[in-house]
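Read off the chains here:
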Amino acid sequence: MFLAFERLPEGRRFDVCVVGTGPAGLTVARAIGRRGKSVLLLEGGGREATAESQDVLKGTVRGHPYFDLEYARLRFLGGSSNHWGGYCRPLDAIDFEPKEWAPDAQWPIRKADLDPYAAEAAEILEVPAQFNEKVVGNGVKRVDLHQAWPPPKLGQKFEGELSASKTIFCVLNANLTGISTDGSRVNQIEVRNYSGLAKRVTADRFVLALGGIENSRMLLHLNRLTEGRLIKRPETLGRYWMEHPNFTIGEALIYADSGSRRTFSLTADMQRRLRVMNCGLLVHPVPGRGYRRLVRELACVAPTLGQWVYRQVDRNLVCALQLRAQWEQAPVRQNRIELDPKRRDRFGIPLTVLSWTISQQDIDTVRRTAAQYATHVARSGEGRVRIFDWVLERGETPPHDQIGSHHHMGGTRMSASPETGIVDQNCRVWGQDNLYIAGSSVFSSGGWTNPTFPIVQLALRLSDHLARLK
Amino acid sequence: MQERHFGSLQPVQRVTQASGPRTRLPTRLAKVPAFARLVSVRLFNSLVWKVLRTMPPLPSVLPVGASWARRRFLAVFLVSAAAGIFGRTFPMPPGQEDVIVRNGWFLLSGDV
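Chains Z and S are the protein sequences, given in the same order. Mapping to numbering that gives the first Met the number 0: the first sequence position 327 is 326, numbers consecutive. Mapping to numbering that gives the first Met the number 0: the second sequence position 30 is 29, numbers consecutive.
In isolation and in its complexed conformation, chain Z is listed as follows (with noise of 0.2 Å):
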């Protein structure tokens, strides 16, 4: 059920309070409460974005060019699924695995661990649950990255269910602002509305589910108010911040009608033989005659073939594509999320500085995949591909290109022992008996892949820990 914020119950204790209602928050709160459970799940937004929810995630952007950070989040009942794309894949199994080339990419978890929750993940997100692949040479594979469409926005979908739910309280415009520990157990956390009135919220276990920026800056902020005794390791705290690049890297000319939109990415086996993080290739036709440029183009470096193509091209055979890359970056721990020393929002809360940069060894993942999947097309006489200079050159990234994917990853992330992250294998923050992490934020690598489905998956599993404790 859905209650005012001045009714909100501070002499309560709830079994769970789960803070933020995006897709790791909600999946969270729906999975404890359908176990009988209490559960108060706090939003800092209302039913829809306003301009006062919103300025709290302003903040300042160093390094390569990126997205303005207020509008790159939504603050809101659903949180980012609201402005969502709809794409969904699980991990790889490869992306959980060390890696020399990529040291600090370690999970304390394998694929097997997620892989139960797949179905639900995929009924919650409305996509088909089977995710096929298929090698089709040259170390590269054809796979599924299906696209819910539209895309569900979760806090629409499950505001019903909500509204009905017995064991479910959720409390719109509370933003959290403190919280009190002992040094291992978190006992109350606070929370205010937009009118400065505050309240103090008692449960026994808390899950911490804002955001892949905001979980980074509410715990860095946490952690100063209570001076070090909520994350008594912060070494990695906001550090190891991931996006996924996301740029136009060239185009193709393909010999037979090209379908649809299709999706490639390097075999296991030849990720570890260039050394290279994890890359997805997407190819869209261009629709009209883009062909005719890229005809041009290509019969004058080949003008044996570019004679074919022409004879191809009158007879529709001829079909140009788009050839999109978003893939991994390896994790530094330069690319962080720091606190501003000079910006605070309303709630006194300092705001988000984002230090990120493309390194050359994200360059070079993007460079390598795009070789081999421009090699097997003209080997296999499907086509030819022709590959941006910046990225043959390693160059710097355009400016005017996507740049990112709106994919926050990182910050608090799972490691296997405090000191290399901030929460272990069940997403509990190292140190901290009773206080947990949803979202992207604890991504130690990120994949390729658009993150929504295995952070579906991460917090069903997380659900499942938190409803074996007794």
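None of these hints come from the bench; they were simulated from the model. All values derive from a computational prediction rather than experimental measurement. Just so you know, even glycine gets a beta-carbon here, dropped at the ideal spot from N, CA and C. Careful, some of the hints might be misleading.
What the hints assert, rightly or not - What follows is a list of derived Cβ distance ranges for each label pair:
hint : chain 1 : residue 1 : chain 2 : residue 2 : range
1    : S       : Val38     : Z       : Val312    : 49 to 55 Å
2    : Z       : Arg271    : S       : Lys49     : 43 to 49 Å
3    : S       : Ser39     : Z       : Arg310    : 21 to 27 Å
4    : S       : Ser39     : Z       : Lys133    : 43 to 49 Å
5    : Z       : Arg291    : S       : Lys49     : 53 to 59 Å
6    : S       : Ala35     : Z       : Lys133    : 45 to 51 Å
7    : S       : Val38     : Z       : Glu96     : 56 to 62 Å
8    : Z       : Arg291    : S       : Arg41     : 45 to 51 Å
9    : Z       : Arg260    : S       : Ala35     : 42 to 48 Å
10   : Z       : Glu132    : S       : Val50     : 24 to 30 Å
11   : Z       : Arg141    : S       : Val50     : 27 to 33 Å
Following the hints, put chain S in place on chain Z, whose structure we already have.
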């Protein structure tokens, strides 16, 4: 025009039998004997050469105005560029196919 072997990206993998449908089909250009193509390039070369010889000296910032050696260099450059643009290159011997990259295009050597 940039051209390099794919080996700069990873070890060259030579392919003697490409799988799938072949794209290197006979064209009118390919049917022209290699000798005739060579002669045409030479004729084009001498034509450019004649034009340059008859040109009045240009300001010294342009290489053609400086010396005959520079004019000759320019002539060779123009002919090479023309050969590249119009594809007057000779096919690789059979069995020597591998992937090359030209202006970003990933090509089989038989394409050019």
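Of the hints given before, which are not true for this structure? 1, 2, 5, 8, 10 and 11
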